Amino acid sequence: MCLAIPGRIVEIYSDNPDSALVDVVGVRRKIDLGLLPDDKPAPGDWVLVHVGFAMSKISEQDAADQIHTLRMLGEMEGAIEEVKGYGLEDLN
Amino acid sequence: MPMRFVDEFREPELISKTVEEIRRLAGTERHYRMMEVCGGHTHAIYRFGLKDILPGNIELIHGPGCPVCVLPMGRIDDGLAIAQSDVIFAAFGDMMRVPGTQGSPLEHKARGMDVRIVYSPADALKLARLNPDKHVMFFAIGFETTAPSTALTMMRARAEKIRNFSVFCNHVTIIPAIRAILDSPDMRLDAFIGPGHVSTVIGCRPYEWIAQNEHKPIVVSGFEPLDMLQSIVMLLRQLKAGQAKVENQYKRVVPWEGNRAALRAMAEVFQLRPYFEWRGLGFISQSALRINDKYSEFDAEQRFEVPGIRVTDPKAAQCGEVLKGVLKPHQCKLFGRECTPEHPVGALMVSTEGSCAAYYNYEHRKAAMVGLSSIA
Amino acid sequence: MLPESAPTRFRDPQIEMAHGAGGKASRKLVEGLFAPLLFGPAPGPLGDAALVDINGTPVAITTDSFVVKPLSFPGGSIGELAVNGTVNDLAVAGAKAEALVVTYVLEAGLPTPVLEAEVRAMAKAARDAGVRIAAGDTKVVEHGKADHLYITTTGIGPVLAGVSLDPRSVRLGDKILLSGPLGDHGITILLARGELDLEADLRSDTRSVLPLVEALVHAAAPGIRWMRDPTRGGAATSLNELARDCGLGMVLFEDQIPVRNTVRGACELLGLDPLHIANEGQFLAVVAPEYADAAWNALRLAPGGNEARVIGEVREQPAGTVLVTTLYGGSRIVDMLVGDPLPRIC
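Chains as they are written, first to last, in the numbering used here: chain D, 889 to 980; chain A, -11 to 364; chain H, 622 to 967.
In case anyone wonders, no lab produced these hints; they're calculated from the structure.
Any given hint could turn out to be false.
Selected chain D positions facing chain A (Cβ under 7 Å, derived; list incomplete) [said to hold, decoys possible]:
# : residue
1 : Pro894
2 : Leu923
3 : Leu936
4 : Ile955
Under the rule of at most 27 Å between Cα atoms (straight-line distance), these lysine-lysine pairs were calculated in the BS3-like manner [stated by the list, open to error]:
# : chain 1 : residue 1 : chain 2 : residue 2
5 : A       : Lys97     : H       : Lys649
6 : D       : Lys928    : A       : Lys114
7 : A       : Lys122    : D       : Lys918
Across the chosen pairs, the derived CB separations fall in these ranges [stated by the list, open to error]:
#  : chain 1 : residue 1 : chain 2 : residue 2 : range
8  : H       : Gly794    : A       : Met(-11)  : 32 to 38 Å
9  : A       : Glu202    : H       : Arg792    : 51 to 57 Å
10 : A       : His203    : D       : Thr957    : 23 to 29 Å
11 : H       : Lys690    : A       : His203    : 55 to 61 Å
Being a predicted model, the structure only gives us computed values, none of them experimental.
All C-beta atoms in this analysis are idealised placements derived from N, C-alpha and C, irrespective of residue type, glycine included.
Please take these sequences and the hints and turn them into a complete structure.
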């Protein structure tokens, strides 16, 4: 059900546009792109591979955003704590 | 060379930072019970040792999302019965050691049956192409993650006019399983870690009733350590704010609306069975797929005689309660004694991502370690 | 009691493939049936090689059968495995292979060029390993009764000076060393079978580890407690056997375990653990802490040992078990598999 791995599209086969070669750190396999007809992956794109089929295109932007959010974790709270420390609410 | 989209989400410093945030949010006052629905998440929790780093007041409860575990023994017998007569039995590796009443597929192979492990339903179709004088039966399992690939394979078989191929369909759907959990009277859950890969197909909308009707937050989560930890952060924030909504942590892969083409393929080939038996959970209506009349030529249950005998589990096996998260694996009387991965009695020990097998393989001897307390 | 009358504990009604996979099922067969009948009531820890005393000289002797499909694969063939496998079993027993004898079981219908290629491969492997193939035997069985060719090799050689190996000598704080990356052989074979339609630039790691063992012995002989070549069943199986034999815990550091990218990729794709995958050119050694640095340096400087690492250490807990730990504080038990590792999709 759940084992799906990111892979990079190496080439789309000329005799079958639904068929592509995907690379997972040097391991290669033919996969079926038939579940992504509306947003066809191109060589260089990253896809999520499950049982030999591409399930979804991986958004590099969303991945980067996520890492950024995680890096910022705790900094927001830290900033709030610091502002609280200024005692501004006592002025009211 | 790092694995892209994998190693970034296993980065030790970021993990420690996220755990710090979890500790800060979780505090010490309240006990949180979160269920991860999907067997892949159960496996990830153990593989990455996440319980070791989470605070003790966060309890992770394993849900029923293991398609191998919930398959009744009778269905395995049925599939193997079809393959007796000079048919090539093709299935994922996950199925190979699952016992039927007369043994597992691998044991049948040892006795002379032609049993092949495939990585993809497309490989099973390829076997049919390469062996035109034999029939190839693909034993299909999985939730909505895998069903579209099975569907597309049958569509391809039709387009190529391949006649010696059929599918024995055991695909099940995730929402009825979650409903069965929430309907269970012993259930005390605060929140759900939602299935990540099923959601690439069905999207996030199907979970809205969990938030709106049952008032439980659910975060659709990826499978790397940072994914699951971030999902826990998101759930804690909701719980502390008294919120209950569906959120998508696995944005880089899961579209909110799901994969329409995959859903179309499923609708083209499958229809819902009125009811289906889930091992450990009993009969659940509208919870499983069968091949529809349009594609009946590929339906192994139409092309072959199927015994259809129900096989019940021994009463002593408490799989149902463990599946619903009411009991922990080691609390079942048979765990580690009559029931081990080598000789599994019940459903949850037969698959490596079943809660009992995962706990047995990765965890239970840790509990005996001095200084390592593990609230399972 | 006569040895042939000893009670056995093996209860499975028939032999299954799992019994040959090197994991729990294999162990049950060996410990439950072969050991009580052949080795006597209390044989002690079972190693790959046996030490016999010939007029006061300790000599190691070992035997192994080679059954592999396909016969030939990137990086080698059954012939090389047959030589290196036995040379390695002797090496990790602390012995230098002096001579091998070999038995071929041939299937009628085996094309002669195939046989000749394997025999040439064995001759070359023996020369590369510095061992003499002294004698042999051949049998032919009917077509369908053997997968083309089975090879059994038996090797004998003197124990290297200063080496005394016993799992019961393992102590808390000992270091666990590994000679090089895990999983090359098993994944190569899996891919070569063609069932999974995967391709990778990967070769079997089959080689003689004797030169590395000699370098290790030269630098750290008094500190070496135990060695093993992790073949079928992988490093997890070898270390679990050691953990059981000495009653201590083998704690591994995941970030220190060398694995090639392609092996890692195949394992992630198929849901496999490199610790369970067979190796044919690597060995594990447990070394006393005061010798660990010298041991590691010696390995790294020896030809073919540059990827050697200290991958873990011996601790009290979890007793009798192998534990893998991560940099962020997570851990998991790694058990022996029952049978061969199977790819999964869930």
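Here is what the structure says about each hint:
1. Pro894: holds (4 Å)
2. Leu923: holds (5 Å)
3. Leu936: holds (5 Å)
4. Ile955: Hint on D/Ile955: holds, closest Cβ of chain A at ~6 Å, below 7 Å.
5. A/Lys97 to H/Lys649: It holds: about 21 Å lies between the C-alpha atoms, which stays within 27 Å.
6. D/Lys928 to A/Lys114: Holds, at about 24 Å.
7. A/Lys122 to D/Lys918: holds (24 Å)
8. H/Gly794 to A/Met(-11): 32 to 38 Å: holds (34 Å)
9. A/Glu202 to H/Arg792: 51 to 57 Å: holds (55 Å)
10. A/His203 to D/Thr957: 23 to 29 Å: Distance hint for A/His203, D/Thr957 holds at roughly 26 Å.
11. H/Lys690 to A/His203: 55 to 61 Å: holds (57 Å)
Checked against the numbered hints above, the structure violates none of them.
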